[in-house]
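> Chain by chain, the residues run as shown.
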Amino acid sequence: MLLTTSSLFPSAAYAQSGSTGDGGLFSLPGILITITLLIIPVVAALFLLVVKANALFRNIQNRKDSEEAIRFAAYLKSLNVDQLGALQKDREHQVYHLNNQELAGPFSPEDSRGLLSSINEQANIRFIEAKRKAIVRPGIDPALSRLILWFLGTATFWLVFGTSVGEYVGIKFVAPDVDQVSWLSFGRLRPVHTNAVFWGWSSLAMLGLGYYVVPRVSNIRLHSSKSGWWSLILINASVVLGTIALMAGINNGGGEYREYIWPIQLLFGIGLVITLVNYLRTVANRKTTEIYVSNWYIVAAVMFAIVISIVAYVPNFQNGLGETIIQGYYMHQGVGMWFMLFTLGLVYYYLPQQLNKPIYSYSLGILAFWSQIFFYTLIGTHHFVFSAIPWSLQTVAIVGSAGMIIPVVSGTTNFLMTFRGAWHKVAGSYTLPFFIVGIIFYFTGSLQGTAEAFRSTNLIWHFTDFTVAHSHLTMYGIIAFFLWGGIYAIVPRLTRQEPPQITVGIHFWMAFIGMMFYTVPLMWGGTMRGLMWMEGLPFIESVTMMGPYWLWRAIGGSLMWVSHLVFAYNMYNMINPRKTVNINDTAIKKLHANELVDIHDK
Amino acid sequence: MMDFFNDYRKLYLSALGLFVLLTILVAIMPAISNQNNNSPLPTEEALSDAALEGKAIYVANGCVACHTQQVRNLDMDKMWGKRPSIAADYADEERTDLWRNTATLMGTERTGPDLTDIGNRQPSAEWNLLHLYQPRAVVEESVMPAYQWLFEEKAELEEGDVEVPVPDAFRKGVIGKIVATKVALNLVAYLQSLKQAQLPEAIPAPEFLYKREAKTTATAGGGGDLGLDGAALYAANCQSCHQASGAGLKGAFPPLKGSQIVLDDNPEVLIDIVMNGYDARPEFASMPAIGTNMNLSAAEVAAIINHERSSWGNSARKVPVDEVQKIMDLLKQTAKK
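Those protein sequence lines, which keep their order, are chains A and B. Residues in the first sequence are numbered consecutively from 0, following numbering that gives the first Met the number 0. Residues in the second sequence are numbered consecutively from 0, following numbering that gives the first Met the number 0.
Hints listed in this document are in silico derivations from the structure and should not be mistaken for laboratory results. Check the hints yourself; a few may be wrong.
What the hints assert, rightly or not - Below 30 angstroms or equal to it, Euclidean Cα-Cα: the simulated DSS-like pairs (lysine-lysine) are:
1) 76/A <-> 63/A
2) 9/B <-> 225/A
3) 325/B <-> 194/B
4) 63/A <-> 132/A
5) 81/B <-> 194/B
6) 286/A <-> 9/B
Said to hold, decoys possible - Computed from the model, here is a short list of chain A residues facing chain B with C-beta under 10 angstroms:
7) 262
8) 266
9) 314
10) 315
11) 336
12) 377
13) 390
14) 467
15) 534
C-beta: ideal position from N, C-alpha, C; glycine also.
Next up, chain A with everything else stripped away, as it sits in the complex (with noise of 0.2 angstroms):
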């Protein structure tokens, strides 16, 4: 499919006009594209409803059984004395069983070792499947640990406020004069939600993961734990300010994903800063030989963070088109060099690890390393086709965007054939549903984004709803679902206190529907839209049938909202201490202590 499809790239990439052609939408490669990639999902889903179907069908299969069961007995009480009696018998030999005390003697045997603990009577709800408990790992330093578990908190906190905004942005489509307040007026909130979930959600989640990480693949302590606090106020900091900033009427100019004005983002930039030194210092003094490819994405990502931001708030070279070509380059590689490079890292470290294997192959890590720093620098401008930005610009980003299918394919390769000899896994594990839903989005969410960048797709899909269908495919669909699985990953092992499974469940199925519902009809409304401009209707008539779109985005965005409350709840059941009294402890300490008062009182 992949070749086929890549076939037909040059001719659209490098048109430079002309007509969509005679064959319709269905000939475009990027039409061509997003439907394979739409259907690898809805693939996934078919085999599940398979799977629910087979078993619907065995309980059929069962009642149609305990019918046949009820006419054998009537055949049954036909039978005449004599039938009955060789049946009898018969029954007889078949029920005959050794009474295992043959050899033992009339005495119960004593487990005098100890070798059977904790036989679980009641397993779990039946139409549940029970998931391995996480592995007690060696003990990290408690001050680090500290550090992640607030790390990976305030994350949580900033995702259900973000997502919150979020879901109250998506309702005002349905609804706009539900509020008439300044401060929560849409193009306001907008700007919020999505800083919050970028800033504060997703790189507070990614810089905790990395605590680890880094740390552990140099075999070695984290540089400073101090500073790490450092970057965790000021980040913080800067996503309460900058929300503050933005629902006042404060902004930077308008360009996406930086309207947080300097001084704010600064904080930001600080904590990075800080956050880089510890990692560097941490793997400068590492224990091991190799750098674990982990870190190559790790540190890079902070490091080109770091850069990209600079780029963007430097004011020299921002007047006029400058800004534009500017904000392309820095919304793209905010995407795809801070939070996908550091969560490709992340994965490196936790796939392996949950999997209990090595990663299959190290070269294709690195063969995705540079391709995509390679390959990925170049693309920014493509939210810009067809605009006043030079032509020539505009085809090195939608070159740019065809060759990342080099480092996305090679990337799902890698995982994919870690999971080779490990599927079994999947059933047992409340972890690994979050990497597959990770891995499959990384393909699909990354390839669609090549497909949007053709001329002939862009020229549909620009300035309506998919773009917005894509970025949750991706952002929510790779980075979050990454992030999840590998905070269920270690926080119970930083804790020793795992969520209850069931609520992990509903939280991941929750996400996962949720999101569907979310894009699938935003990209089918996005289309139809874009036609509708290019047939040239009235723009009012396109407002009025994108409709019933919003309300499904809303209803979509809905259920991603509960769950990310489920996922709260489960943060805090791992994360506060449960105050179980075990009788015996209690009992002994008050032993100890009733003797400590009678010394004392002699």
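Mind docking chain B on chain A? Use the hints.
Positioned in the frame of chain A, the structure of chain B alone reads:
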């Protein structure tokens, strides 16, 4: 090779070097060259003080989230401007102040209409104010937020107050008069200033690409309407004021339904108003020169007025395109004199 990358300095410096090099090549150098090698068109008017303040309001409220300001070189973008936007159109955008970056406001999403040329398409201050107060009062299907905090309620009008004629259905318990604040007026001034500058003759306008195949219509008989959809043209150019029902809005925009001017057998006055605007009746807002601003052709004007003359119970003679053309030529001549 792996030894090379076992040295963390070499590894990270080479990755950083590659990234920074590419950054300079694809972002910084193009940005500098575009910043330095473009200057504003001589025909472009600088923003007035009010419009500049209005732009700050536009930025503060995140209007760019839904409204683009770029006409792409695509046939489908023709409805947003006379020509594709070029680099020179943005050349006068500079850093806002110490705290805030340049606001080029090109945008990446078009949930609402593009505003590059809104100052030509919809220059009416009355319409813009009412639309800001409650978009659904003028465009029923709109999902735009209402900006009611830009207005105040007053018992009595004072000198210089601009009252907004909000229909009763949208007043929501407001008894007094609804008056636009300075902020709202500035924002409208900004919107009115958004006009595509005329290209000097030396510069050829870029072409619109991906042309829509012209509908092949059988134009039976002379003066056919070229298959133009009058209802669609009306929706795009007239409906936001005169409404889909043709009934207008009381106190703001006059009805076309049953209007003597619309129904007149001689369409001269009607065409004059469509082309050159109208401000003869104090009880209504003034009408902009929509036909001239939007460069409507005789065929388009004919389609629009014939739609108006035959809808909502109106029934007047269909005006052929040649007759419209003649009247338009005549109007141009009288305008020159």
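> Check the structure against each numbered hint from earlier and tell me which ones fail, lowest number first.
4 and 8
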